[in-house]
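K.L.:
Protein sequences appear in the order of chains E and L. Under the numbering used here, the first residue of the first sequence carries the number 1, and numbering increases by one thereafter. Under the numbering used here, the first residue of the second sequence carries the number 111, and numbering increases by one thereafter.
For the record, the hints were derived by calculation from the structure and aren't laboratory data. Since no wrong hints were added, every one of them can be taken at face value.
Here chain E is said to cover these stretches of chain L; the calculated rule only asks that three of the stretch's residues, wherever they fall, bring their Cβ under 8 Å from a Cβ of chain E:
1) 403-414
2) 487-497
Away from chain L, derived, C-beta distances all over 12 Å, residues of chain E:
3) ILE7
4) ARG13
5) THR15
6) TRP57
A quick note: this is a predicted structure, and the numbers were derived from the prediction, not measured. Each residue gets a CB set at the ideal place from its N, CA and C atoms; glycine is no exception.
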Amino acid sequence: MPTVTFIEPDGLRRTVIAAEGITLMEAARQNGVQGVVAQCGGACACATCHVYVGAGWERKLEPPEDMELGMLESAWQPRGNSRLSCQVQLTAGLDGLEVVVPERQGGETG
Amino acid sequence: MTSTILIVGGGQAGAQAVDTLRREGFAGRLVLVSEEPYLPYQRPPLSKKFLSGELARERLPFRHQSFYDEHRVELKLGVRATRVDAEGRRAVLSNGEEVGYDRLLLCLGAISRPLTCPGAGLPGVHYLRGIDDVPAIQAGLKAAARVVIIGGGYIGLETAATARKLGCAVTVLEMADRVMNRVVASNVSEYFAHEHRTQGVKLVCNTRVVRIEGSGRAERVICADGSSYEADVLVVGVGALANMQLAADAGLACENGIIVDEHCRTSDPAIYAAGDCTYHPSPRFDMRVRLESVDNAFEQAKAASLNMLGRPTTHDRVPWFWSDQFDNKLLIVGLSQGHDQQVTRGDPATRSFTVCYLKGGELLAVEAINHSKDYMAARKLIADRARPDIVRLADPEVALKDAF
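Only chain L is shown next, with the shape it has when bound in the complex (with noise of 0.2 Å):
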């Protein structure tokens, strides 16, 4: 039989598609379009070791360029699928060329939320979501170069903490009453605060970006209560948007993201989706989610080629996530919403301490800091919808698995 599976998109799902697609016997042809003109690479570092300059740019690939031609991957970098012909089964790309094919895997992965004041437009509002847009925050961050970045969520904090132990005079611009809001436990927002502000970071919360001014360049930051930021480099970590237009051009259903079912197929069934463009189905958590995560880009990428390949292969996950800021390691696994019962385990002052939610009983997820006991047993545990003893599971003596 020949086949050929395209996939477009060289993140980490995409990465992991060819992986799986060939290791579980896909012998037709397989074809991999990425619009950056770079193996695919691993995203993490981009604001972490990779900014500091700790990693170097050539172990951020996931596979060298031997392993693609080992296992007949026709990599088309530096190519962007321009049009999906739903109905004709092919893709048009940037180079003029057009790739037909029996099953399409969508890995588009997500784009930054633009700033929208005024004055973002301008040069020196920079993001970081690809290795291109690296290069130019960097050569900033030298020492006593002034900082400002806008948002106090994972990019913005990693980097905070990246460009503070360059020697940078940081200061993190955040709109809500406390840091990465939307993810974590109000204690452990002021953990990450305090930590931040002990290491010299200025950080300011309720504070809203209303303009961005300089000539020729961004040069500050004014906030609406009139306080304002000189910036040597600016860098805004505002959340993220699926990148799917694309398929809605191609008439998928979309909405927050590709949907895709369980099986990670979309509304036309020879198209698949996978990782933080879809919005997808959790079955274990009850609801649809789209998730900017490495953990689902992975699972799910992998759970699409199994479908591709005709065997029904359900994506249920309880996802996990981390982050590195200073020399703490955050560690998430689940997702929160919709608990009724939330305890913490240990006291943040010994640095070390794991916040648990809880609904009906049931554990759902777990937020462990510098904690890599309770994270690695509350993975089981949340997946097994186990139900701990409460007075135990408070106790920072009793192991997590021992409170069940």
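Chain E with its partners taken away, still in its complex shape (with noise of 0.2 Å):
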């Protein structure tokens, strides 16, 4: 089961243990991290779930769709290594993956 580390908005690491073949998005949600809103619950149509993937991490993750990458461009604050964490799907080659979630999310309110 891969060990996923969150850097939240405040700078607290929290370091979750998820389930192989669920998704980044889930393993955030479940364990209530701060930040990741996941407010479609995983079917690209809102953008909540934005996160910047760690130094190195990027070309180990499936690159994106052409769905996503249309939402991503207008999320807040879009970066290179900018990901949906819906569509990160969890393997064991990705223990010990690292994100950091960002200060807000495009649809969210406040």
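Join the two chains into one complex using the hints; note that each chain is given alone, in its own frame.
P.N.:
Encoded structure:
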């Protein structure tokens, strides 16, 4: 079971052990990680589970599809290492993955 | 200060309220009552990946039990609130308990609009609303099984797509002249009808179901023109109604839903409501609406929570919706009612296009088919009441955000 670390907007590092096969978003949401809103629950329809993938990990992930890229374009402060965490499937190979949760999510209030 | 907030309903809105209340510092007693004996879970997958078996049951809940423990949330699952005594500020539960509250949040959701024709009460007439509705439908979705779906709305079409992918022989019966007629433009209806037919779904519009027949269980559907459809599985998706009986019985003002103001407050100052059960003002669209939407449930619950904590917050959002059917993603943002102009960007034949609605020159709503860029751009543009250049708007080569 891969271990994943989320760095929450206030800097808190939260490490969770996730079941293989679930998405990075699910791992965050199940554990109440701050800042991963995930309103649509993984349908790639809201861009509120945006994260920045830690250095070196981008290439280990399956590349994003067009739908995700289109969503990310209007996410809050997208960067080259931006991903929608609902589109990242967790595998044993991603053990140790680190991601940074942005201060805001695109579709979020306030 | 000791105080109690009671939430009735464990859907999207109820789950979100728990989250917001604790995150925003509510330290009192927090009780969530849910009729379903499960941790609050997501409903959208019920007609999609959960029905198809791709998404396991344990992936439906929003949060694990540990989250509720950690945040000291008293979950009363499998328990129904049978009565609210608004004057005495207490709720009576089906297990005999009474819970007093300082603030009550009703997140009662919606109920399936029932079919009323003769035979509608036969066993085997299925609706799809909660987890417990799924197994009986799922069990019948075997290759070549004859699946008849009454209603060509979101639930009907999503269920049709799921059943077809599993190899069933699927028929959709729609009363109107086109599918999803209440929610999308006619060219979007046409596109989805074509997609379904291409995938082998038999789609019959302009047809009215008059009777369900069968000996002991639903076996066939009879339409007004005399046509009949044999069904191994029968699913009804003919819309939803606000679940508001509890509120009405408590004396709260109700009409098409529980009436709330822009602060999510009902006609009783101690009682708030959020989600599909509410009939609420939308300042941006200048009308009262009842929305069946994850987004609205989420945002309204958040606003209601802040208001319950004494932090005035107006619920004024641009709602959005989505639907997955086969490999298509329909993304809708805004409300198109009252539009005076409609512009389609792109050619449906490319399987990616966008319909824009305007009113007085302002962008009001967008339906994006397999086009997440236009959809995301529209979310902000609609909220900003942006006014496009129509010629540029109609040009799919111009990015939507650059047409303003």
